[in-house]
Structures are given as C-alpha cells and as structure tokens.
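The primary structure of each chain is shown beneath.
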Amino acid sequence: MFVAIIFALVIIASIAFHFWSPWWWTPVASNWGNIDSTIILTFWVTGAVFVAVCLFMAYCVWQYRYRPERKAEYKPEDKKLEFRLTWLTALGVVALLAPGLVVWNKYVTVPDDAFKIEVLAYQWGWNYRLPGADGVLGKTSIDLVSDENPYGLDANDPNSKDDILVMDADLHLKINQPVKVELRSFDVLHNFYVPQFRAKMDTLPGIITYYWFIPEKTGKFEILCAEYCGTGHYAMRGYVQVDEEKDYSDWLAKQISFEKMFAKNSKKKLLVAENKN
Amino acid sequence: MSDEYIDNKIETKSADSSSGGYAPPADHIPAKEAPDQELYHAKSFWTKWVFCQDAKVIGVQYALTATAIGMIGLILSWGMRLQLGFPETFSFLGPATYYQSVTMHGMIMVIYLLTALFLGGFGNYLIPLMVGARDMVFPYVNMVSYWMFLVAVIVLIASFFVPGGPTGAGWTLYPPQAILPGTPGSELGIVLMLVSLSLFVIGFTMGGLNYVITVLQARTRGMTLMRMPLTIWGIFTATVLALLAFPALFVACIMMTLDNLIGTSFFMPEIFTMGEKLETGGGSPILFQHLFWFFGHPEVYIVALPAFGIVSDVISVHARKNIFGYRMMVWAIVIIGALSFIVWAHHMYVSGMNPWFGFFFATTTLIIAVPTAIKVYNWVLTLWRGNIHLTIPMLFSLGFIVTFVNGGITGLFLGNVIIDVPLSDTYFVVAHFHMVMGIAPLMVVFAAIYHWYPLITGRHLNQTLGKIHFWITFIGAYAIYFPMHYLGFIGVPRRYFEMYDSPYMASGVGLNQFITVAALIVGFTQFIFLYNIFTSWYKGEKSERNPWKANSLEWHTPDYPPTHGNFGKELPVVHRWPYDFSVPGSDKEYIPQHVAPSEVPAAKVEKT
Numbered sequence: 000m001f002v003a004i005i006f007a008l009v010i011i012a013s014i015a016f017h018f019w020s021p022w023w024w025t026p027v028a029s030n031w032g033n034i035d036s037t038i039i040l041t042f043w044v045t046g047a048v049f050v051a052v053c054l055f056m057a058y059c060v061w062q063y064r065y066r067p068e069r070k071a072e073y074k075p076e077d078k079k080l081e082f083r084l085t086w087l088t089a090l091g092v093v094a095l096l097a098p099g100l101v102v103w104n105k106y107v108t109v110p111d112d113a114f115k116i117e118v119l120a121y122q123w124g125w126n127y128r129l130p131g132a133d134g135v136l137g138k139t140s141i142d143l144v145s146d147e148n149p150y151g152l153d154a155n156d157p158n159s160k161d162d163i164l165v166m167d168a169d170l171h172l173k174i175n176q177p178v179k180v181e182l183r184s185f186d187v188l189h190n191f192y193v194p195q196f197r198a199k200m201d202t203l204p205g206i207i208t209y210y211w212f213i214p215e216k217t218g219k220f221e222i223l224c225a226e227y228c229g230t231g232h233y234a235m236r237g238y239v240q241v242d243e244e245k246d247y248s249d250w251l252a253k254q255i256s257f258e259k260m261f262a263k264n265s266k267k268k269l270l271v272a273e274n275k276n
Numbered sequence: 000m001s002d003e004y005i006d007n008k009i010e011t012k013s014a015d016s017s018s019g020g021y022a023p024p025a026d027h028i029p030a031k032e033a034p035d036q037e038l039y040h041a042k043s044f045w046t047k048w049v050f051c052q053d054a055k056v057i058g059v060q061y062a063l064t065a066t067a068i069g070m071i072g073l074i075l076s077w078g079m080r081l082q083l084g085f086p087e088t089f090s091f092l093g094p095a096t097y098y099q100s101v102t103m104h105g106m107i108m109v110i111y112l113l114t115a116l117f118l119g120g121f122g123n124y125l126i127p128l129m130v131g132a133r134d135m136v137f138p139y140v141n142m143v144s145y146w147m148f149l150v151a152v153i154v155l156i157a158s159f160f161v162p163g164g165p166t167g168a169g170w171t172l173y174p175p176q177a178i179l180p181g182t183p184g185s186e187l188g189i190v191l192m193l194v195s196l197s198l199f200v201i202g203f204t205m206g207g208l209n210y211v212i213t214v215l216q217a218r219t220r221g222m223t224l225m226r227m228p229l230t231i232w233g234i235f236t237a238t239v240l241a242l243l244a245f246p247a248l249f250v251a252c253i254m255m256t257l258d259n260l261i262g263t264s265f266f267m268p269e270i271f272t273m274g275e276k277l278e279t280g281g282g283s284p285i286l287f288q289h290l291f292w293f294f295g296h297p298e299v300y301i302v303a304l305p306a307f308g309i310v311s312d313v314i315s316v317h318a319r320k321n322i323f324g325y326r327m328m329v330w331a332i333v334i335i336g337a338l339s340f341i342v343w344a345h346h347m348y349v350s351g352m353n354p355w356f357g358f359f360f361a362t363t364t365l366i367i368a369v370p371t372a373i374k375v376y377n378w379v380l381t382l383w384r385g386n387i388h389l390t391i392p393m394l395f396s397l398g399f400i401v402t403f404v405n406g407g408i409t410g411l412f413l414g415n416v417i418i419d420v421p422l423s424d425t426y427f428v429v430a431h432f433h434m435v436m437g438i439a440p441l442m443v444v445f446a447a448i449y450h451w452y453p454l455i456t457g458r459h460l461n462q463t464l465g466k467i468h469f470w471i472t473f474i475g476a477y478a479i480y481f482p483m484h485y486l487g488f489i490g491v492p493r494r495y496f497e498m499y500d501s502p503y504m505a506s507g508v509g510l511n512q513f514i515t516v517a518a519l520i521v522g523f524t525q526f527i528f529l530y531n532i533f534t535s536w537y538k539g540e541k542s543e544r545n546p547w548k549a550n551s552l553e554w555h556t557p558d559y560p561p562t563h564g565n566f567g568k569e570l571p572v573v574h575r576w577p578y579d580f581s582v583p584g585s586d587k588e589y590i591p592q593h594v595a596p597s598e599v600p601a602a603k604v605e606k607t
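Chains E and R supply the protein sequences, listed in that same order.
Residues 0 to 276 in numbering that gives the first Met the number 0 are what the first sequence lists, from first letter to last.
Residues 0 to 607 in numbering that gives the first Met the number 0 are what the second sequence lists, from first letter to last.
Hints in this document: simulated from the structure, not taken from any laboratory.
Among the clues, some could well be false.
As the list claims (entries may be wrong) - Computed beta-carbon distance windows for the label pairs:
| id | chain 1 | residue 1 | chain 2 | residue 2 | range |
| --- | --- | --- | --- | --- | --- |
| 1 | E | S248 | R | G281 | 55 to 63 angstroms |
| 2 | R | F358 | E | I207 | 16 to 24 angstroms |
| 3 | E | I206 | R | Y530 | 25 to 33 angstroms |
| 4 | R | W146 | E | K74 | 41 to 49 angstroms |
| 5 | R | T88 | E | K219 | 23 to 31 angstroms |
| 6 | R | P162 | E | I206 | 31 to 39 angstroms |
| 7 | R | F358 | E | K219 | 34 to 42 angstroms |
| 8 | E | T108 | R | M273 | 34 to 42 angstroms |
| 9 | R | Y530 | E | P26 | 34 to 42 angstroms |
| 10 | R | F89 | E | Q240 | 31 to 39 angstroms |
| 11 | E | G46 | R | G281 | 34 to 42 angstroms |
| 12 | E | D77 | R | T88 | 51 to 59 angstroms |
| 13 | R | K466 | E | W19 | 29 to 37 angstroms |
| 14 | E | A97 | R | H388 | 38 to 46 angstroms |
Ideal Cβ placement from N, Cα and C applies to all residues, glycine included.
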C-alpha cells in the first residue's frame, strides 16, 4: 500500500514539477522556434508513456501485493498483446522522428542569401571576421598566423583585404538577416552556443564547420562555449548583440578592416594584395 | 515452459548413462557430449583466496575492487557538487581540481565500477552457477583477467600522484585538448589513463572470452539457449558487445599515446596554440570521436543489458510469476545489442561531422526505442496479476523501472537529432545519462546484491538498513536528476566550473544547492549500505536454503552456499526454463529447472 502510494506520488510530483517549476527555456530569439515545438511534441508523447507505465506499475504493486491465498497468473506469452504494443511503440517513434528530421533538414540547408561570418575560437576566447563590401570572406591559413596577421589571412587573396576583423568577444548582428556562422578553431574543440538561438556546433582545428540562423529579436545574449576545451572552458564567454539596422551600421563603422590592421601592425601596406587587385 | 512431451515419446536409447537407471521418456535429455571438466584444486591459502581460479571467488574479488574504486568515484562527485552548489566557498577546489574530478568520476563509474561489476562481478559469480557448469572454461585465464583489472585500477590510482595530477580532459578524453597543456594532467596523467584503459581492455578480453565460451560450450545437459535465465542472456550479449567494442577504445588509446609521446598526428591537425604553431598536422580529432563512441555507445548497453537481464529475473522471482514474453525479451536483448553498433554518432550530432549523417543515426537511434520499450512493457506486465512480495530486491527493481523509463524517454529527446542541437552539452545530457546508465543500473546492482547476498554468504543483509538504503537512494537520486533536466532546458552547459552571474544561472542557484545537498545525502547512504554488507557477512540473519524460492540452478547446489566445483558429484540436468512459478495444476508453488516433468505430472506447463 505504502510503497504503491509513494511510487504514484513520485510520478505526480514529477508532473507538478514540470508544470509549476520556474525553470524553463529562455524565449527563443531566432528562427529555430520549431525546435521548441519538436521538443514540446516529444514531451507530450513520451511524458504520456512515462506516466502511464509508472502509474500502471504502481497500480500493480497495490492491486497484486502479496496475499498468502493468492496465486499468480501463469501466462508465458500473449502474442497479440506483444504485437500490438510493438506496433504502437513503432508508430509513436515515427511520430517523434519524422518532424524532427524535417527540422534537421532545414538546419543543415543554408539559404543562399545567408550573410557569411567567421567565428574564430581559441583557448579561451572568441574573435570574429565579417566580409567587407565584397561580401566574401578571404582565405586563411594557420601557417600565416602572426602578430601582424592574427587571423592568418591570405594577403594574396583579393577578398581578404576588406574583411572586417572583430578582435573582441562581443559580436553584433543585424536583426532578421540570415547568418551562416563558419566556425574555425586555432587549437582545440570549442562550441559556439547561444541558448536563445537554440543552435550550436563544435569548432575544430583543421576544418571549418558551420550552422545558420536568423536572429529575430534584438537584445544582448550571452555566448557559452559548449564543448570542453581545457581549464578555462567555463570562462570562455562573449556576447551577441542583435541590433536594428542603424545601430548595426554604427557598430560596423567602428570596426577595422584587415588592410588597416595590417598597416597599423606592420607599418607597411598590403603590397601584394594591392598589386593583384 | 518445459520439455515437449510429444516429441520425446520415442524410447530413449539409454545413452543417458550418467544419470543411471530408467528415465521416463518425457524426462529425456540428450547425453553428455564431452567429459566433465577437470578442475584445479587449490592447495594453499594463496591459491584458494588470492590467486584463485574459482569463478565465484574471482567474481567477489572483481566486485570488491570495483566497489572500492567506485567509492573514490563517489567522493570525487561530492567535490564537484560542492563547487556547483556553493561556488567560491571551498578554496581547495580550483578549476583544475574540478575538471580532474569530473574526468576521473566519469571514467571510474562507467568503466571501473559498472562494467567491472556487472561482467567481472556478477558475470563470474553467476554464469557457471546458472548454466550448470563447474567453473568457467578457462579458470587460469579468468584469474589473470582479475589481476589485470587490479593492475589497471592501480595505474589509474597512481595517476592521482604524478606531477600535474590525473587527466582533466573529461571522461571522453577528446583530443587535441586532452594532450595539450591547456588541460590539467596533459602530461603524465593522460598517459597513465590511456595505459590503464589499455590494461583494462586486455584484462577484460581474457574474462570476456571466458564468459562467452562458458555460455556457449559449458551449459549443462538440457540447458538450451532458450532455457537460460535472462540474467545470463543479458551478461552474455553484453560480453559479446564488449569484445567487439573495446578494441576500438584500445586502438584509440594506443594512437593517442603515440600522439602524446612520440609526436605522431593521428588525431592532431595543424594547431596554433600559446602563440606558436605545433609540429602536428594531417590528423583528425573527429576520428578519435568515432573510435571512442564506436566503443562508447555499446558501452552503454554493456552496462544496461546485464541490468535488463538481472532485473527480469528478480522481478519474476519476487512477483512469483513467470517473466512475461520470455522469447521476446531474449530477442529484444539481442536486437538492442546489434543495433547498438550503428548508433554511435548520435553522440556527435554537433561534433562537426558531415551533418547528413544526422538523418541515419537519428533513425537507427530511435529504432532502438522499440525493443527497449517492449522490455519495459514486459516488466510491468510481469507484475500484472502477480503475487508481489515487496522485498528489498523487488523495491530496487521497481525503482529501476521508474528511473529507467525516465532516462529512456529523455534519450528519445537526445536521439532525435534536431532536439539534440539545443540540449547537447547541457545539464539535460548529464541528467539523462546519470538517470539511464547511472541510477537505473545501480538500482539493479543493489537489487542483485540484496537478492544474491544470501547465496554468497549464507546470510541475509539487514532489512531495516536495506529499506533505509532503498528509500533514500531512490527518492534522493530521483530528486537529484529529475530537476537537473530543467537546468539543461535553460541552457546551462555541462563541465562549467562556475557560471558566475550568467543570466542562464540566475534562477538556478537554489536548484543547484538543493541538488548538492541531495547528492551528499544519497552518497552518504551508500556508506550505510557498505556497513550493512560488511557487518551482515558475519552477523547477519542466517539464510535458509533458497530463501526466495527461485528456480534457477544457482540456488539448488548440494552445498549452500555453493563450494568449489559448484554441483558436487553430478551436474544437474535441466528440464525447463527458470520461470515455472505458480503453475496451474501443480501443488508446488515453484518448479526448479532441474525437476523432471515426471516428478510434477499434474503441472500444466505451457509449451511456447
């Protein structure tokens, strides 16, 4: 009796906690609100199964508790019941998986008009690079990284010259503009994660990874590194500031291009790039 | 389920010489195919208790060693919880210490506690007894297996004392970070970890071959595969998985050791760190992740399948009812085992591998939910119309069902690739895997210990302490991990030494403190359990023979507790599955596996 009640109470308390707890996700600030919908769907389907199975168990514990005069049923199998349960479960799984895959397809299909920016991760911080007026990011190589050229940009690539280098942990984005973040790491694995955007992907040394999203709310959102990257992992933070058009332009105007930075750092002009251009 | 009466009506050609005398046709069992196994008889204290070749003693050695290292893992978790609940309060906890605790806690619990306990501990003790063998087929190799495990544990402990301390790379040991200076223990600590894991795999392979071959070759007469207790099915399948999966870990360890010591670049691309470019290049960090998870996902089932098997038997015995859908249960175990090899990359959805893999691995992962759900249904359907004794093993089994279903459904969140995107690397993941492969299997470990302790020692564990142990552990662990999922929803990332005043943590401070307090209480309760184990060993209530009235062979040995050689002069002959409880028509409440049909003529056992 007591045991069955406690088990039932655990389940009821779980349901109550779910509905009344103050801990829930942050309001979504990107186009990935449909990820939230997928989670909600999963919650209802699996939550119903969890509650049903556990309450049924508690009921059995109460109803069929030991009685000296009782004799348990002898029933090794019930093919029909097992068959039904199998297909019902399979159906539930399909109902969860299908919408999930549809959304995943969107997640991995970057729209053509997405604004490509680079997120550069290192132990332990974030830098960014935006394409200049040409809208194209210049080539980089880790071999070219130096004090004068902190991103390792290829000066021979004409697209490099006007690239805007944001050597700061705070990134600004324009509202409602699709963004493809190209993730690059100098040293170990990191992960560029803003909870409100719902999206994330590891950055790896050696390859460029990516994901895309559309920031749909203005505001300042904290960036968390979501892949363990050593002792300073927990301190690897930054901010994304989503701006209206004008604020964004103001911020952008204050940023420095590769050409200018190179000139400032090395006291000489980017000769090669100019010749080629 | 029992022998088929009709098929066996032909007169036996009395090939059945060993049992002697006349056996009714219904009782016919094929003759012995091989002579009885020669056993090594220990002559001294050393060969009897230390370098012992008796699987039962080896099982206990494995279990005690695993428990001892597991307690270290438990205490490490307290350090982590103190830091998370009450940051900036404990000066002895810096980020390096914190990450080292996280890493060692994870590795110890998954490999050195759970794997060693289920396969090395329960596998050794139960396989020969339950299949009706005198011992494992290679007792000497079995002994060496334990000693390799012990050496692996000692190397692991040694890493706490080398300069730089143990590795703090996270239990997944992802390179390049694991072997670069930004991570604690990146010099000797990581090397000792990799060496220890390699030794573990070598030792395990010796034991694993024993478990598999004993089950396949040394079953007693009449013990067909489809009459084996589900415990054996679970341990057997898990061992097959382990034999196939551990080599991937082994090569990954060797490759990373080479990367670290002699400068190869298996996992090292071109790297720019600390202001200079390293002399590495061409390697792939994702390759390591594939190797690691090709081992790591089956590893989940290496822990889970024995738990599935054991809990099935415990539920059946204590509910006095046959396990519902035995054949389905067996096939579910086998199918889950097979599928577990094609789902590994669901740990890597956001690792930067080709995103199109997500479709395949999400599909295979969710398919596993079907056989797993069937097992859950069959457990609760076994309770249905049973006669449930709420003994401590049964309580823990019920606790297992709740925690396993809870952890299983959160797996459906994480397996569905798009949902994994926001939730991966958050506390949702931490809560999920602790529930499903920490708490749930531990519930079964406890159920199994309370269940088989009388067999091992001839005494019962103290019931009052047992009940305290169960309620605090079950409610406490649930209170730790259930709310933790919601921290993950907020977005709180795992492996954070401190959140400072992050907006994501503002509301979670109190919750984190609550979880820490609950974790300390639950952790402390395990010491009560250990106290119970050690004191009951010599002053526990004496157990009568077969106290739970179980049918499987281990409870029906001539000596109780079983002695060297297990079964006295003659090996038992098996006539039925181990689940003939409450059979209609029979005056006996249970019919052990070795009881011949002619001894219970009225029993209406079902042929299935």
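Comparing the hints with the structure gives:
A beta carbon spacing of about 43 angstroms between E:S248 and R:G281 contradicts the range 55 to 63 angstroms that was offered as a hint. Range check, R:F358 to E:I207: Cβ separation about 22 angstroms, and the 16 to 24 angstroms hint holds. At roughly 53 angstroms, the beta-carbon separation of E:I206 and R:Y530 lies outside the given 25 to 33 angstroms, and the hint is violated. Distance hint check for R:W146 and E:K74: the Cβ-Cβ separation is about 47 angstroms, which falls inside the suggested range of 41 to 49 angstroms.
Between R:T88 and E:K219 the beta carbon distance is about 30 angstroms. The supplied range of 23 to 31 angstroms therefore holds. The given range of 31 to 39 angstroms is respected by R:P162 and E:I206, whose C-beta atoms sit roughly 34 angstroms from each other. Checking the proposed 34 to 42 angstroms range against R:F358 and E:K219 shows it holds: the Cβ atoms sit about 35 angstroms from each other. The beta-carbon spacing between E:T108 and R:M273, approximately 38 angstroms, falls within the hinted interval of 34 to 42 angstroms.
Between R:Y530 and E:P26, the C-beta spacing of about 50 angstroms breaks the proposed range 34 to 42 angstroms. Between R:F89 and E:Q240 the beta carbons are some 35 angstroms apart, a value that agrees with the proposed interval 31 to 39 angstroms. A C-beta distance of roughly 48 angstroms is found between E:G46 and R:G281, which places it outside the suggested range of 34 to 42 angstroms. Between E:D77 and R:T88, the C-beta spacing of about 57 angstroms keeps the proposed range 51 to 59 angstroms intact.
R:K466 and E:W19 have their C-beta atoms about 31 angstroms apart, which keeps the hinted 29 to 37 angstroms range intact. Under the hint 38 to 46 angstroms, the C-beta atoms of E:A97 and R:H388, about 44 angstroms apart, fit the expected range.
The structure does not agree with the numbered hints 1, 3, 9, 11 stated previously, though it agrees with the rest.
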